[in-house]
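Below, each chain spelled out in residue letters.
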Amino acid sequence: MTIIKYLSQKNSAILSHKTLQPLNNMKKTLSLCCIILFSTSIFAQKDIQKKIQTQFIMAENGSTILLDEGSFSFTASLSLEGKKNIIIKGKGKDKTILSFKGQTDGAEGIRISNAENITIEDLTVQDSKGDAVKTMNVTGITFRNIKTEWLGEPKATNGSYGLYPVQCEKVLIEGCEAIGASDAGIYVGQSKDIIVRKSRAYHNVAGIEIENSINAEVYENESTENTGGILVFDLPDLILKKGGNTKVFKNNIHHNNFPNFAPKGNIVAKVPDGTGVLILAANHVDIFDNQIINNKSMGVGVISYFTTENKIKDKEYYPYSEAITIRDNNFERQKVKATGRGRFGQIYRFKLRFGKNVPHILWDGIVDDKNPNPVICIKNNKNESFANMDIEHNFKNISRDKSKVVCK
Amino acid sequence: MKKVFLLFISISIFALSAFYQKSDHDSIMPKEKLSDYQFFEGNGSEQKPTKGVLPYSLNTPLFSDYAEKLRFVKLPDNQTVAYNATEVLDFPVGSTIIKTFYYPNDFRKPELGRKLIETRLLIHEEDGWKALDYVWNDEQTEAYLEVAGDTKEVNYIDVNGKKKKHEYGIPNINQCKGCHNRNEKMSPIGPSARQLNGVFHSSLGGEQYSIKSADNQLINWQKLGILTNLPAIETVPKAAVWNKPESGSLDERARIWLDINCAHCHRKGGPAQTSGLNLSIHETEPIAYGILKTPVAAGRGSGNRNYDIVRGKPDESIIVYRMESTDPGIMMPEVGRKTTHKEGVELIKEWIKAMK
Chain A
1 MTIIKYLSQK
11 NSAILSHKTL
21 QPLNNMKKTL
31 SLCCIILFST
41 SIFAQKDIQK
51 KIQTQFIMAE
61 NGSTILLDEG
71 SFSFTASLSL
81 EGKKNIIIKG
91 KGKDKTILSF
101 KGQTDGAEGI
111 RISNAENITI
121 EDLTVQDSKG
131 DAVKTMNVTG
141 ITFRNIKTEW
151 LGEPKATNGS
161 YGLYPVQCEK
171 VLIEGCEAIG
181 ASDAGIYVGQ
191 SKDIIVRKSR
201 AYHNVAGIEI
211 ENSINAEVYE
221 NESTENTGGI
231 LVFDLPDLIL
241 KKGGNTKVFK
251 NNIHHNNFPN
261 FAPKGNIVAK
271 VPDGTGVLIL
281 AANHVDIFDN
291 QIINNKSMGV
301 GVISYFTTEN
311 KIKDKEYYPY
321 SEAITIRDNN
331 FERQKVKATG
341 RGRFGQIYRF
351 KLRFGKNVPH
361 ILWDGIVDDK
371 NPNPVICIKN
381 NKNESFANMD
391 IEHNFKNISR
401 DKSKVVCK
Chain G
409 MKKVFLLFIS
419 ISIFALSAFY
429 QKSDHDSIMP
439 KEKLSDYQFF
449 EGNGSEQKPT
459 KGVLPYSLNT
469 PLFSDYAEKL
479 RFVKLPDNQT
489 VAYNATEVLD
499 FPVGSTIIKT
509 FYYPNDFRKP
519 ELGRKLIETR
529 LLIHEEDGWK
539 ALDYVWNDEQ
549 TEAYLEVAGD
559 TKEVNYIDVN
569 GKKKKHEYGI
579 PNINQCKGCH
589 NRNEKMSPIG
599 PSARQLNGVF
609 HSSLGGEQYS
619 IKSADNQLIN
629 WQKLGILTNL
639 PAIETVPKAA
649 VWNKPESGSL
659 DERARIWLDI
669 NCAHCHRKGG
679 PAQTSGLNLS
689 IHETEPIAYG
699 ILKTPVAAGR
709 GSGNRNYDIV
719 RGKPDESIIV
729 YRMESTDPGI
739 MMPEVGRKTT
749 HKEGVELIKE
759 WIKAMK
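Protein chains in written order, with the numbering used here: chain A, 1 to 408; chain G, 409 to 764.
Treat the hints as calculated values from the structure; they're not laboratory data. Idealized CB from N, CA, C, for every residue including glycine. Among the hints, erroneous ones may be present.
[Said to hold, decoys possible] From chain G, some residues computed to sit far from chain A (all C-beta separations above 12 Å):
id, residue
1, Gly460
2, Phe471
3, Asn545
[What the hints assert, rightly or not] Below, in silico cross-link-like pairs of lysine-lysine (DSS-like), each with a Cα-Cα straight-line distance of 27 Å or less:
id, chain 1, residue 1, chain 2, residue 2
4, A, Lys170, G, Lys676
5, G, Lys746, A, Lys101
6, G, Lys572, A, Lys101
7, A, Lys311, G, Lys757
8, A, Lys337, A, Lys264
9, A, Lys311, G, Lys721
10, A, Lys51, G, Lys560
11, G, Lys721, A, Lys313
12, A, Lys270, G, Lys721
13, G, Lys560, A, Lys50
14, A, Lys241, G, Lys676
15, G, Lys761, A, Lys311
16, A, Lys50, G, Lys523
17, A, Lys46, G, Lys572
18, A, Lys264, G, Lys721
19, G, Lys593, A, Lys50
20, A, Lys264, G, Lys757
21, A, Lys84, G, Lys439
22, A, Lys46, G, Lys523
23, A, Lys311, G, Lys764
24, G, Lys746, A, Lys50
25, G, Lys573, A, Lys46
26, G, Lys593, A, Lys51
Work the whole structure out from these sequences, hints included.
So this is what it looks like as structure tokens:
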């Protein structure tokens, strides 16, 4: 960004200086020069794209692909396929910038598939038409100091995911930044053995989302100014049916009040603005030692899939949340109303009627009668407050009594 | 510019050959020029196959921006391929599948000539299938190896006499595997018994290949001694021709169109299995092929619609939205398409509209 700005300032300075020359033919020469300069820079960019894509294709197992400092524009996805032990390394966030603003080919900025032990670090991926970095079927994938962003106001036409490992094992995301995704900034789907730490997500619909994944640890992240801070979801109709064992701890989850800008049809489009943490049909999630501050609609919400009002056709899918522990967190909020937007907005206004006294922990109250395990338990949170919304009985017995959900 | 281009080519060949030598297996070196393989007579611009290179056609092909395609397969001498009722035929090691993409100058008058764009090879080596792409030069005298992909502009007059101009994407080698992928192994997509079960058809006519156009391709192959275990032809599944109502019901034509255009990814073991949407012709579960299925990671590809397919309502179905789009962040398939297959969209819309 800064480099582009600098260059364009420099160019316009040169131009304005030169155009002071009164001679007409001078102007002609100049515009000719401009055209040549312009076209060579396009050729140069296309050459760089080819060069880098060729490097990605030719990289020998065990090698490092170094990317220079500068801003490079791409018209097609960069893809790495079938490799082992590769490091893709730039000169740093905001120093090596891969811009996909003019992309006409491919559904993601960078795509890495069918690989082992891949590290991608120290670079920025900007304005891809679809997802910024998607990795699929990779065992051992590390994202380090990567920034993914869509410039300008967050909008529905931005790509869906910033960092997007799916069906991967041994995933490490650290020191990353994800901005402006119209779905989730950092999204781990249908994966196993995951760490997301020391990263920052803002101006996304969901900051960090763990979906249908097993053994995830999400810690020491900052998730702010998203619609929802951290989401742990299990959804139907997928190959990896059931996630589980997620730890969410020592995160700073604050001011996630950004109006939802996800395109309808996506599950995150249903997340109300003002959500700190939302657990949907997930199991064995331990949420502790987090700062959960000024998320106006809920600090932590725990719901079953029924509450999404989507139909369930998947017979093997378990739609209930189970064994969700919420402990030792610090909750704070200002005395403001929950959101009035969307389906949840209606629920707050017409059913829950909490006014400005919105409880930090919200549960839909839906339990599986056949499952003896408790759905949620809470203890030892600072400023702990709770409500069972009793959605199953159409909000008949909304209760703030937490005695039944205290951890044993 | 040309020098730079040649330099680039030679560098890629050098690098690619190093890359191929690196592998432990006995890989065949990729050749610099298509003519080096001698699949075609002369420089290959007439696409006249040499002995042992067999042309074939599919009943319902993949849409590739209205490009016409010429397909050939070459088996190693004295080897055969066995019949398989459901999957793509398992061509033996040493086989090459050859596909040339071209645009006639005027789709209404093939005699006015054509422009060859690229010839893609799938080569079956000891350690699996490998993809290579050769791009035709402007002079149409040779096709050169291209590793990193490219974009070209194409011009032609379409079937309705309309002048057309659009971009055409040439894939990079990695992108080939984006589609040609079964459980992370590279694989051909088209030539299944179902798709070959019909007469050979080509915009050029079968005559130049001395194929009697009335004969069924599978029977031809059996007669030539390259196809074994072919059961009675009446029992062989037959893919409908997507745009010929007499060849199958609306459902059959829509399902085979989805199968060839989508199911290389949207199938079990395919790259899009993460979506849970399976568009293979073998899928029988309505939700799995999209009916009232919610999207998983569609993002803005959902187009504010709730389900992949809503019975009777094509304009509320995500699948139609993504087929109509040419935005790379929305459109399906994700690659290999710069234009909308209007006739394909119409077929799928009609299919959805007719659902009760």
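Taking the hints in turn, this is what the structure says about them:
no., hint, verdict
1, Gly460, "holds (31 Å)"
2, Phe471, "holds (16 Å)"
3, Asn545, "holds (17 Å)"
4, Lys170(A) / Lys676(G), "holds (23 Å)"
5, Lys746(G) / Lys101(A), "holds (17 Å)"
6, Lys572(G) / Lys101(A), "holds (26 Å)"
7, Lys311(A) / Lys757(G), "holds (23 Å)"
8, Lys337(A) / Lys264(A), "holds (24 Å)"
9, Lys311(A) / Lys721(G), "holds (18 Å)"
10, Lys51(A) / Lys560(G), "holds (18 Å)"
11, Lys721(G) / Lys313(A), "holds (20 Å)"
12, Lys270(A) / Lys721(G), "holds (23 Å)"
13, Lys560(G) / Lys50(A), "holds (14 Å)"
14, Lys241(A) / Lys676(G), "holds (14 Å)"
15, Lys761(G) / Lys311(A), "holds (21 Å)"
16, Lys50(A) / Lys523(G), "holds (24 Å)"
17, Lys46(A) / Lys572(G), "holds (25 Å)"
18, Lys264(A) / Lys721(G), "holds (17 Å)"
19, Lys593(G) / Lys50(A), "holds (25 Å)"
20, Lys264(A) / Lys757(G), "holds (21 Å)"
21, Lys84(A) / Lys439(G), "holds (26 Å)"
22, Lys46(A) / Lys523(G), "holds (24 Å)"
23, Lys311(A) / Lys764(G), "holds (18 Å)"
24, Lys746(G) / Lys50(A), "holds (20 Å)"
25, Lys573(G) / Lys46(A), "holds (21 Å)"
26, Lys593(G) / Lys51(A), "holds (26 Å)"
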